[in-house]
Amino acid sequence: MRHTLRFATATAILSAGLSMTAHAEELVVGAFGGSFAENVKACHIAAFEKATGATVALKLGNSSQFAASIRATAGKPDMDIVYIDNSLAAQTHGEKLNETIDRKKLTNAGDVIASAWGKDDSYVVAMVSATALVYNPKLVKAPPTSWLDLADPAYAGKYAIGDISGTSGLHFLLALNKIKGGTLDNVDPGIEAMKPIAKGSAVLYTQADQLLSLFERQEIALAPWYPDRAGVAIDKGLSLAVAYPKEGAVGILPAVIIPKGTAKSELAHKFLDQILSADGQACFSERAYIGAVNTKVKLSDKLQKIVPNGETLEKAWFIDPEVIAKNTANWTRRWQREVAR
Amino acid sequence: MIAPRHGLMLIAPLALVLAGFFLVPVLMMLPTSFAEYVPGAGLAKGVWTLENYTRIVTDDYYREVIWRTLGLGLFVTLACLVMGYPLAYLIARGPERWRVPLILLVIFPMMLNLVVRSFGWIALLANRGLVNNLLIDLGLISAPLKLMFNLTGLMIGLTHIYLPFMVLMLVAAIRNVPRDVESAAATLGSSRLHVFTSVTLPLSAPGILAGSILVFVLTISALVTPRMLGGPTYKVMATLIYDEFMQLLDWPSGSALSFALTFMAIGVIWLSSRLTKRWAGMA
Chain A
32 MRHTLRFATA
42 TAILSAGLSM
52 TAHAEELVVG
62 AFGGSFAENV
72 KACHIAAFEK
82 ATGATVALKL
92 GNSSQFAASI
102 RATAGKPDMD
112 IVYIDNSLAA
122 QTHGEKLNET
132 IDRKKLTNAG
142 DVIASAWGKD
152 DSYVVAMVSA
162 TALVYNPKLV
172 KAPPTSWLDL
182 ADPAYAGKYA
192 IGDISGTSGL
202 HFLLALNKIK
212 GGTLDNVDPG
222 IEAMKPIAKG
232 SAVLYTQADQ
242 LLSLFERQEI
252 ALAPWYPDRA
262 GVAIDKGLSL
272 AVAYPKEGAV
282 GILPAVIIPK
292 GTAKSELAHK
302 FLDQILSADG
312 QACFSERAYI
322 GAVNTKVKLS
332 DKLQKIVPNG
342 ETLEKAWFID
352 PEVIAKNTAN
362 WTRRWQREVA
372 R
Chain B
-1 MIAPRHGLML
9 IAPLALVLAG
19 FFLVPVLMML
29 PTSFAEYVPG
39 AGLAKGVWTL
49 ENYTRIVTDD
59 YYREVIWRTL
69 GLGLFVTLAC
79 LVMGYPLAYL
89 IARGPERWRV
99 PLILLVIFPM
109 MLNLVVRSFG
119 WIALLANRGL
129 VNNLLIDLGL
139 ISAPLKLMFN
149 LTGLMIGLTH
159 IYLPFMVLML
169 VAAIRNVPRD
179 VESAAATLGS
189 SRLHVFTSVT
199 LPLSAPGILA
209 GSILVFVLTI
219 SALVTPRMLG
229 GPTYKVMATL
239 IYDEFMQLLD
249 WPSGSALSFA
259 LTFMAIGVIW
269 LSSRLTKRWA
279 GMA
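Protein sequences, first through last, are from chains A and B.
Using the numbering used here, read the first sequence as starting at 32 and increasing by one per residue.
Using the numbering used here, read the second sequence as starting at -1 and increasing by one per residue.
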């Protein structure tokens, strides 16, 4: 009798434990750190958890770290859905590591602009930003108008450019290359033009927010940077403004992928649906100063000054992510040897 | 004397941990280092190449980084030795009541996280950092000195971080030098300096070598401090390997560089253990 009782209790405890884990399903989401993660929590996670009853665990990192991790765990990913730069989404797709997104499972798919969908629906772009010029209006009287302004002696020693390991460094190199007559197959003119600019740069920044203290201490007056970061910094009281160069900004398209092999594909699609929803997109746009891909979202006046839209969006150069994925290693090696040496 | 059978049992736990968590993963990396990386598509299947290794030797950028890494290891080791020996001597031979406070002072910095310490150096050494601001305010310099993203910055940061290791090794070695040998030399008419150079220093040689090997190997494999104080322009092997793996996703090239670094470290240890044997034989 006592044995049966013990057995029954054990079974009850065990099954209670099991059913509890079954109830609260957990979705692991890979996202960029800092304010990005805060905005993901506020705009995407909160509504998703409320709607589905599932919980979300965030894993923080940058795009190439996520790509490395997805490759290392190929087919058995430790993340169910990941925010990642579109060039690295193209890279993981090239390695056949992305699950095809099923648009039928997304109620908001119809509201998303057509160009947001990646090749074979292997990823979807979730927001629109750019590499543009950011300056301190207290130090710079006439706003900069061209990428070439960085080579202007007036700014000597008062600017910083990004290292090629960051998006802005790569984008500035390619923009400069295009102005100097280069192509994506031949970056010689860009590398040549970059050498003196890199030499004169206060630092080659590797973390986007490194620029905050440089701008704050007025060590620099101008930098190729991101309008979204600048917008948040302006909100915090920094004297900054965004200028879109006449040659066009270079587009940045943070995307979302579902790594192949996740057991929670259904739930991941529901999360993606929340990311693409008008509410989720509008919320993220307002908080992060970033453009939306949902056509129902209208940008406020405050945002229109900073976020690429209208003419600045039309002029922006959106580089084929596959070309970037294929060439980043070579461009980086040349940069290391010829520019940063 | 411990019997070999018991000796094996004593090292078994550590050997198992090392085999499982170090040796096996390292060996798993070996095939990767011979693979070919196709940007945009990943590791090519069924292709074997030696290129990842030959490139290390033929590419003058890689060669420059390797020499820089070895040079940095050598300089940091020498700096730690020159600064650490007098301190270790004081701790070992100085007044008894100074010993504990001095050892605590040596150990204290090790209780702080590496990132925090490196970040502290950034605050001190940056263009508008404390050091430069002070020098400019005093009117000693007009433009900020370049103290970061170069050899100076890495030397300062790494010497600070690895000095405790050297000092602790040296204290043990100097304390092991029998005092009566020194006294014997003194009674035979040696000056204090002569006692030190001909008795204390040679007898503490094993400690000097052990400390130097430790600091050298730690320096050439350091990642965090070189990343923070060396930046994107002043790369050493560890930061280069990190970039190949995490940024360029070129795992084959990163693996080959890792093996090159490992062999360099093993080579240095082998060479210095031979040196120790010779030196010890002479002493």
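These are computed hints drawn from the structure, not numbers from a lab.
Check before you lean on any hint, since a few could be wrong.
As the list claims (entries may be wrong) - Listed next, the stretches of chain A that the computed footprint assigns to chain B, with coverage defined by at least 3 CB atoms under 8 Å from CB atoms of chain B: (1) 225 to 239; (2) 337 to 348.
To be verified - Subject to a maximum C-alpha distance of 30 Å in a straight line, what follows is the list of computed DSSO-like cross-link-like pairs (lysine-lysine): (3) A:Lys277 x A:Lys230; (4) B:Lys144 x A:Lys150; (5) A:Lys90 x A:Lys72; (6) A:Lys230 x A:Lys189; (7) A:Lys150 x A:Lys329; (8) A:Lys333 x A:Lys346; (9) A:Lys357 x A:Lys150; (10) A:Lys291 x B:Lys144; (11) A:Lys357 x B:Lys43; (12) A:Lys230 x B:Lys43; (13) A:Lys336 x A:Lys267; (14) A:Lys189 x A:Lys211; (15) B:Lys144 x A:Lys107; (16) A:Lys226 x A:Lys267; (17) A:Lys189 x B:Lys43; (18) B:Lys144 x A:Lys226; (19) A:Lys357 x A:Lys172; (20) A:Lys169 x B:Lys43; (21) A:Lys81 x A:Lys136; (22) A:Lys357 x A:Lys226; (23) A:Lys346 x A:Lys267; (24) A:Lys277 x A:Lys267; (25) A:Lys136 x A:Lys150; (26) A:Lys127 x B:Lys144.
None of the values given here were measured: they were computed from a predicted structure.
Where a beta carbon is used, it is the ideal one built from N, C-alpha and C, also for glycine.
Comparing the hints with the structure gives:
Taking a C-beta to C-beta cut-off of 8 Å, the segment 225 to 239 of chain A contributes 4 residues in contact with chain B, enough for the three needed, and the coverage statement holds. For the segment 337 to 348 of chain A, the proposed coverage by chain B is not satisfied: 0 residues have a C-beta within less than 8 Å of a C-beta in that chain, short of the threshold of three. Between Lys277 of chain A and Lys230 of chain A the alpha-carbon distance is near 24 Å, which keeps this suggested pair within the 30 Å criterion. A hinted pair counts as satisfied when its Cα atoms are at most 30 Å apart, and Lys144 of chain B with Lys150 of chain A does not qualify at roughly 47 Å.
With a CA separation close to 12 Å, the supplied pair Lys90 of chain A and Lys72 of chain A stays within the 30 Å bound. Proposed proximity of Lys230 of chain A and Lys189 of chain A is supported: the alpha carbons are some 12 Å apart, at most 30 Å. Using a Cα cut-off of 30 Å, the hinted pair Lys150 of chain A and Lys329 of chain A holds, with the two alpha carbons roughly 27 Å apart. Between Lys333 of chain A and Lys346 of chain A, the direct Cα distance comes to roughly 20 Å. Compliance with the 30 Å bound is thereby established for this hinted pair.
Taking the CA atoms of Lys357 of chain A and Lys150 of chain A, the gap is about 15 Å. The hint holds against a cut of 30 Å. Distance check on the hinted pair: Lys291 of chain A and Lys144 of chain B sit about 48 Å apart at the alpha-carbon level, beyond 30 Å; violated. Straight-line distance between C-alpha atoms of Lys357 of chain A and Lys43 of chain B comes to about 17 Å, which keeps the hinted pair within the 30 Å bound. Proximity of Lys230 of chain A to Lys43 of chain B is assessed by CA-CA distance (about 41 Å); at most 30 Å being required, the pair is judged violated.
As the CA atoms of Lys336 of chain A and Lys267 of chain A are separated by approximately 17 Å, the hinted pair is consistent with the 30 Å bound. Only pairs whose Cα atoms come within 30 Å are accepted, and Lys189 of chain A paired with Lys211 of chain A is accepted, the gap being roughly 23 Å. For a cut-off of 30 Å, the pair hint linking Lys144 of chain B to Lys107 of chain A is broken: about 47 Å separates their Cα positions. Between Lys226 of chain A and Lys267 of chain A the alpha-carbon distance is near 34 Å, which puts this suggested pair outside the 30 Å criterion.
Between Lys189 of chain A and Lys43 of chain B the CA atoms are separated by roughly 48 Å; this puts the pair beyond 30 Å, and the hint is violated. Proposed proximity of Lys144 of chain B and Lys226 of chain A is supported: the alpha carbons are some 19 Å apart, at most 30 Å. Proximity of Lys357 of chain A to Lys172 of chain A is assessed by CA-CA distance (about 40 Å); at most 30 Å being required, the pair is judged violated. For the suggested pair Lys169 of chain A and Lys43 of chain B, the alpha carbons sit about 56 Å apart, so the restraint of at most 30 Å is broken.
Among the hinted pairs, Lys81 of chain A with Lys136 of chain A is consistent with the structure: their alpha-carbon atoms are about 19 Å apart, no more than 30 Å. For the proposed pair Lys357 of chain A and Lys226 of chain A, the alpha carbon gap of about 23 Å is at most 30 Å, so the pair holds. Between Lys346 of chain A and Lys267 of chain A the alpha-carbon distance is near 29 Å, which keeps this suggested pair within the 30 Å criterion. Restraint check: the Cα-Cα separation between Lys277 of chain A and Lys267 of chain A comes to about 28 Å, which is no more than 30 Å; the hinted pair holds.
A distance of roughly 18 Å separates the Cα atoms of Lys136 of chain A and Lys150 of chain A; the hinted pair therefore holds under the 30 Å criterion. This hinted pair does not check out: Lys127 of chain A and Lys144 of chain B have alpha carbons roughly 46 Å apart, beyond 30 Å.
Checked against the numbered hints above, the structure violates hints 2, 4, 10, 12, 15, 16, 17, 19, 20, 26; every other hint is satisfied.
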